[in-house]
Amino acid sequence: MDRKVSDVNILNKFTEDFCSVVNKYARYVVVSGFVAISHGRSRGTENVDIMIEGLSFVEFKKMDDVLVEAGFECLYPLKVEDIYKHLTGKLNVRYSWKGVELPNMEVKFAKDSLDDEQFETRGKIEFTGVDVFFPKIEESIAFKEEYLGSEKDLEDAKHLRLIYMDKLDEGYIEDYKEKIRRVKEWGGVLTMSRL
Amino acid sequence: MGGSSHDEQIVRWATFVRENPEKWREQHTTFINSQIIGANEKYEKLKKMPNGEKIIGELRKLRFFGIRTQPQ
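Just so you know, the protein sequences line up as chains A and B, in that order. Mapping of the first sequence onto this note's numbering: residues 545 to 739, in sequence order. Mapping of the second sequence onto this note's numbering: residues 2 to 73, in sequence order.
Hints listed in this document are in silico derivations from the structure and should not be mistaken for laboratory results. You may find that some hints are simply not true.
Straight-line C-alpha distance at most 30 Å; calculated DSS-like pairs for lysine-lysine [what the hints assert, rightly or not]:
1) Lys642(A) with Lys55(B)
2) Lys696(A) with Lys43(B)
3) Lys24(B) with Lys696(A)
Simulated restraints, written as ranges between beta carbons of each label pair [said to hold, decoys possible]:
4) Ser35(B) with Lys642(A): 19 to 25 Å
5) Ser35(B) with Asp660(A): 19 to 25 Å
6) Met50(B) with Lys642(A): 18 to 24 Å
7) Asp660(A) with Gly58(B): 34 to 40 Å
8) Ser694(A) with Thr16(B): 31 to 37 Å
9) Lys623(A) with Thr16(B): 46 to 52 Å
10) Glu9(B) with Glu664(A): 35 to 41 Å
C-beta: ideal position from N, C-alpha, C; glycine also.
Here chain A stands alone, though its shape is the one from the complex (with noise of 0.2 Å):
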């Protein structure tokens, strides 16, 4: 694997190889800093975000091993069941080259309506150059903009307002941050159905 400075974006390929993985087993968008660091804009990141399909942990294991196998570890030494309930239990696993400290891929499994919404409605972006599923542009912008709203993420979806000038469908922006203020309003717990 070769990580030395060259023309191969190392934060893409690390993305790509992740996903190529995960792409067997679930559907996933890599979501949050990515999207925007993906579309050029310049600023350390340490880790990158992927959302994927909840699995059964007979699938979990069988994807934890082939990631094994393909280089990756979990960065903090749980056995496999550990991993699974983590996930399981609304929280965050990360995941590394091995042996390698940087960059991790922070893994969780999706959960609620508007998670799953962005599987239905993801695609790869041609852009970026990077092989991987994202959500719909606007969809991270509404959640840079409405849900995170941190320095970083309004700087990130302000970037990304800037790339997409004059392309961007406001009017879904705008209903999209109405379905995350009506989300937080139930606790995350929203069905489509609901929407």
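Put chain B on the given structure of chain A with help from the hints.
Frame of chain A, contents of chain B only:
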């Protein structure tokens, strides 16, 4: 960092990325890779120090639980 100059910098860079789809990638890759390689080099140095492996194990544990640990 804050204030208008930082804001202007974000606008300037995003505009460059949008208008130069063939040019931004190389600079961006250098930036991203340098950051990751630099941090990993610091971890490698730490590993060679007394108790380095143990400290790294603790840092991994913290990072696993979502606490930023990049060495300065």
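Consistency of the hints with the structure:
no. : hint                                : result
1   : Lys642(A) with Lys55(B)             : holds, 17 Å
2   : Lys696(A) with Lys43(B)             : holds, 25 Å
3   : Lys24(B) with Lys696(A)             : holds, 24 Å
4   : Ser35(B) with Lys642(A): 19 to 25 Å : holds, 22 Å
5   : Ser35(B) with Asp660(A): 19 to 25 Å : violated, 38 Å
6   : Met50(B) with Lys642(A): 18 to 24 Å : holds, 22 Å
7   : Asp660(A) with Gly58(B): 34 to 40 Å : holds, 36 Å
8   : Ser694(A) with Thr16(B): 31 to 37 Å : violated, 23 Å
9   : Lys623(A) with Thr16(B): 46 to 52 Å : holds, 49 Å
10  : Glu9(B) with Glu664(A): 35 to 41 Å  : holds, 38 Å
Violation of the numbered hints given earlier is confined to hints 5, 8; the remaining hints are satisfied by the structure.
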